[in-house]
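Peer 1: If you read the sequences in order, they're chains A and B. With the numbering used here, you'll find the first sequence wraps up at 358, consecutive numbering, no jumps. With the numbering used here, you'll find the second sequence wraps up at 358, consecutive numbering, no jumps.
Calculated from the structure, these hints are not laboratory results. Be careful, since some hints might not be right.
No distinction is drawn between identical chains; accordingly, a pair holds when it is met within one copy or between any pair of copies.
[To be verified] Derived DSS-like pairs (lysine-lysine); straight-line CA-CA distance at most 27 angstroms:
| no. | residue 1 | residue 2 |
| --- | --- | --- |
| 1 | Lys-355 | Lys-32 |
| 2 | Lys-32 | Lys-315 |
| 3 | Lys-355 | Lys-148 |
| 4 | Lys-316 | Lys-355 |
| 5 | Lys-148 | Lys-32 |
These numbers come from a predicted model, not from an experiment.
2 protein chains.
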Amino acid sequence: MEVSPPGTIPYPVLCGRDPGSALATVWQRRWKRVAVVADHTTEAMFANSIEAGLRALGCEVLRCTFTPGEASKTRVTKAAIEDAMLAAGFDRRDCVVALGGGIVLDVAGFVAATFMRGIAHVNVATTLLAQVDAAIGGKTAINTAAGKNLIGALHHPRAVLLDLGALELLPADELRCGLAEAIKHGVLSDAALFAALEHWAANRSDLRPPDELIRRCVEIKAEVVEADDRDQGIRHILNYGHTVAHAVELASGHATPHGQAVAIGMVVEARLACRAGNFPPADVDRLARLLRDVGLPVEPPCSFAEARVYFASDKKTEAGVVRCAIPARIGHTEADPQGRWARPVSLSALEGAWKGTA
Amino acid sequence: MEVSPPGTIPYPVLCGRDPGSALATVWQRRWKRVAVVADHTTEAMFANSIEAGLRALGCEVLRCTFTPGEASKTRVTKAAIEDAMLAAGFDRRDCVVALGGGIVLDVAGFVAATFMRGIAHVNVATTLLAQVDAAIGGKTAINTAAGKNLIGALHHPRAVLLDLGALELLPADELRCGLAEAIKHGVLSDAALFAALEHWAANRSDLRPPDELIRRCVEIKAEVVEADDRDQGIRHILNYGHTVAHAVELASGHATPHGQAVAIGMVVEARLACRAGNFPPADVDRLARLLRDVGLPVEPPCSFAEARVYFASDKKTEAGVVRCAIPARIGHTEADPQGRWARPVSLSALEGAWKGTA
């Protein structure tokens, strides 16, 4: 598979169970030094074998690691990695390998985006969430005290490796977070994918979806990114569920993980879509059932009154107006008559949907 | 004048003496909030009038200032501006106005490059150096302890205003620094500009070059940026003089200002070009004479032995090989037979040129 965003070098996406060998097939000889960025968890699980592969390719390896978790996604972590790379003599022809889930990929990608005004990076995604979402599309960022992903850059990787074998080691809650985004891709643009996920969820033995469904999610993400690399239009649909998720995460003090918040957000925003865009009520029920089948929550863990203040700080909010990207029905999304993919919504409509009155 | 780098929104460049009015002609209605970034010097001289103009356009203005000088070009300064913008509720539709010389433009542009993954900015250049160089082309950066401009982004402004009236207030040494870059443009690609600068310098009453020569420098910079926005090829010629300048600045502990270092670098690299590329010795003499005529130095202030170690940390240095962008003669530059605009050079050749033996 290949992703070709307009104006950017196309890059391969490889799915497999041997990322060390896959890395050799995408490696460019000019990348002499490589910073392997990981958190302590992915370091312990994957760094040695990846680095052995890189050394076999003749690279000098610098390992840069940090404490797992959202609290590490800071300017301080970024600066520490940069300073280590500068001290090791990295130049513009060198490379970053991001090894882990969304947090590692976001930080490592942002380091690559601004190191000497941009160097190459390769994403090795080891969580389902990163595989179906963060690894592709070039969005990189860190958090600040004011909120998540507020400082960042659009900087595409040169190659993406999805380590499907790593999913066998992934905790159930992290698999569920990835499933929320996978289900989102089905709701947004592929009724057949949604139906396949329903069929799998009703008959599943564990929480790892079949490889071909993961691949289909990656294809959908790639198609959206190719159509709107710069996040000016259709790419907004990927924010489906995320306006509400953002508020849920903040109102819960991040006690609700991102994937769970997205699951809740998709249901609340689907109810909103019933009112605003004729989204079929039966599709809301199908969505909630599938989410429950994989163990994801579908109702907000707090009251609308507690969450209300956090809508203002969403990045999609412009001039105080909250926006939601909402599908027309399961498998299909379209812009509103003004051509907007993320439409303005009123707080009162949001409140109704939050409380379950579509 | 307009700059149209490939894949980027074309942007106007306006030269004049009333930047407040010029700002109104390029302003976009969607920019509701604006962060005016300045150092304390440019704040005192220009901020009130610029801000009055912005308020008249209906904007909410946030003033962000810092201590003048290279020591402010840090991650800490960038973060402080970002945090102030976040606290003031800036969103992706808002704007940064950079008001000052190269340091202010580099920092403010980098803030805009990574604020919510990139927002609009307008450069108001108040020094000759910034007008003929930094204001156009989208290069933004901060320094780290390891060196200058090591962390940054390519992020083009939405408009550039050159305040030619501000040059009347500019100290002579700062005018000379700008003249070094203006002369560089002549050497690189316009023999007529070089000759016009010679004629002006021989008859000048002060250090402010005629408006039309400034405009011609801007055109040359714009042409190079349009041909090679991503700094992959011909844009490297703008680094003429800068490999040696970089080493001179570091060896002098930044006691030699950038423009003086570039003047010295151009002469040393022209001598190198005599050996490497048949650059005419008579052109070296013309170059040194013009630089002296405007009061710029032409000989290194330190020995090659003292500077030698600093060539390794130049951003153009790749795999330990030092590179210089060198012209063929006054007014013309071409790539080497391998298509490289910044060619590998040996330290022994550099040493010979440094010592004045071409």
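Peer 1: My question is about Lys-32 and Lys-315: at a cut-off of 27 angstroms on alpha-carbon distance, are they close within one copy, between copies, both, or neither?
Peer 2: between (38 angstroms within a copy, 16 angstroms between copies)
Peer 1: Pop the pair Lys-355 and Lys-32 into one bin, within, between, both or neither, using alpha-carbon distances up to 27 angstroms.
Peer 2: Neither. Shortest intra-copy (56 angstroms) and inter-copy (34 angstroms) distances fail the 27 angstroms Cα cut-off.
Peer 1: Up to 27 angstroms between alpha-carbons, please classify Lys-316 paired with Lys-355: within, between, both or neither.
Peer 2: within (22 angstroms within a copy, 59 angstroms between copies)
Peer 1: At most 27 angstroms between C-alpha atoms: does Lys-355 with Lys-148 qualify within a copy, between copies, both, or neither?
Peer 2: within (26 angstroms within a copy, 54 angstroms between copies)
Peer 1: Given identical chains, is Lys-148 near Lys-32, meaning Cα to Cα at most 27 angstroms, within a copy, between copies, both, or neither?
Peer 2: between (33 angstroms within a copy, 23 angstroms between copies)
In summary, the one numbered hint that this structure violates is 1.
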